[in-house]
Amino acid sequence: MLETAFQDYTFQSPLMNASGVHCMTTEELNELANSKAGTFVTKSVTKQKRQGNPEPRYYETDFGSINSMGLPNLGFDYYLDYLKKHQKIASTPVFFSVASMNMQDNIETLKRLEDSEFRGFTELNLSCPNVPGKPQVAYDFETTEKILTEVFSFFTKPLGVKLPPYFDLVHFDQMATILNKFPLAFVNSINSVGNGLIVDTEKEQVVIKPKEGFGGIGGQYIKPTALANVRAFYLRLNPSIQIIGTGGITSGQDAFEHLLCGASMLQIGTQLYKEGTSVFSRVLSELEAIMDAKGYSRIEQFRGNLKTFEE
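Going by full-length UniProt numbering, the residue at position 288 of the sequence shown is 288; the numbering climbs one at a time, nothing skipped.
Note that these hints are calculated values from the structure, not bench results. Do not rely on the hints blindly, as some may be mistaken.
With beta-carbon atoms standing in for the labels, derived distance ranges [as the list claims (entries may be wrong)]: (1) 112 / 289: 20 to 30 Å; (2) 239 / 54: 41 to 51 Å; (3) 30 / 9: 15 to 25 Å; (4) 310 / 253: 19 to 29 Å.
We put the beta carbon where it would ideally sit given N, CA and C, even for glycine.
Take these sequences, add in the hints, and give me the full structure.
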């Protein structure tokens with residue numbers, strides 16, 4: 001019932017982790033591999049090991065989270081070695097997330113990945129809002145097109161991009177026009193909503209240290225924005241470019257809404273951080289119950305079929 005077609009593969013479920021959550025170490029990656037997630041994605045990887053921003057850098061609220069992690073990860077070689085071993089014992093492809101400090105590092109990392117034995121999907125993160133002094137690349141449309149032009153001049157493996165949220169319909173049009181020029185496998189929408197601020201009224205203080213308290217907002221706060229981005233790109237992108245819906249998924253209903261808007265796969269971040277890998281079995285059970293109640297036996301029977309009011 002919950003099988004999901006994604007490019008040339010079929011995953012047993014549409015759920016996976018969001019990069020950055022529960023995927024730093026081999027132990028965490030193994031827990032994901034042994035969970036009810038359909039697949040998993042690594043941390044967003046840089047060329048060398050990176051400590052990230054100073055702590056405290058993550059804070060939970062009743063409705064979500066704020067973070068300014070700063071891309072902490074154990075470096076390209078660590079994750080590539082793990083995935084090469086993993087793919088020898090598992091047939092399901094996984095996702096390798098790449099996020100570098102500059103365009104040249106991105107190119108060098110992707111060239112190494114192209115020349116490697118890795119056979120899964122690559123997620124190019126163009127949307128990290130939490131590296132001080134570094135803008136989100138995907139808000140610069142000209143630079144985004146330049147990067148993708150160079151990447152696809154040599155990269156032949158399945159690749160998609162992780163995007164920030166957009167808020168203007170014209171920006172959806174402009175970015176979709178750029179993305180449709182390239183043989184992308186997928187778009188992941190959205191990364192956290194950048195530069196939010198949460199205040200501790202008792203301490204009269206911000207709740208995270210980096211960037212004077214400014215950070216990326218995730219969780220239930222951002223679900224309407226995430227759904228809008230998923231839907232907007234579903235309606236604008238070439239059918240060959242599938243969508244990973246990310247943002248505000250805490251329940252089977254949230255998952256159903258993302259799928260109804262057009263997502264093919266779903267990533268869970270904040271709720272995974274709160275609940276651990278058991279979140280996948282719970283959300284899948286709730287999603288299956290909703291589908292049963294509506295008479296759906298397959299996701300493809302309703303995916304993308306969001307109704308609007310007739311004129």
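How the hints compare with the structure:
With their beta carbons about 44 Å apart, residue 112 and residue 289 fall outside the hinted range of 20 to 30 Å. The hinted window of 41 to 51 Å between residue 239 and residue 54 holds, with their beta carbons roughly 44 Å apart. For the hinted restraint 15 to 25 Å between residue 30 and residue 9, the CB-CB distance of approximately 21 Å keeps it satisfied. The hinted window of 19 to 29 Å between residue 310 and residue 253 holds, with their beta carbons roughly 25 Å apart.
The structure shown violates just one earlier hint, number 1.
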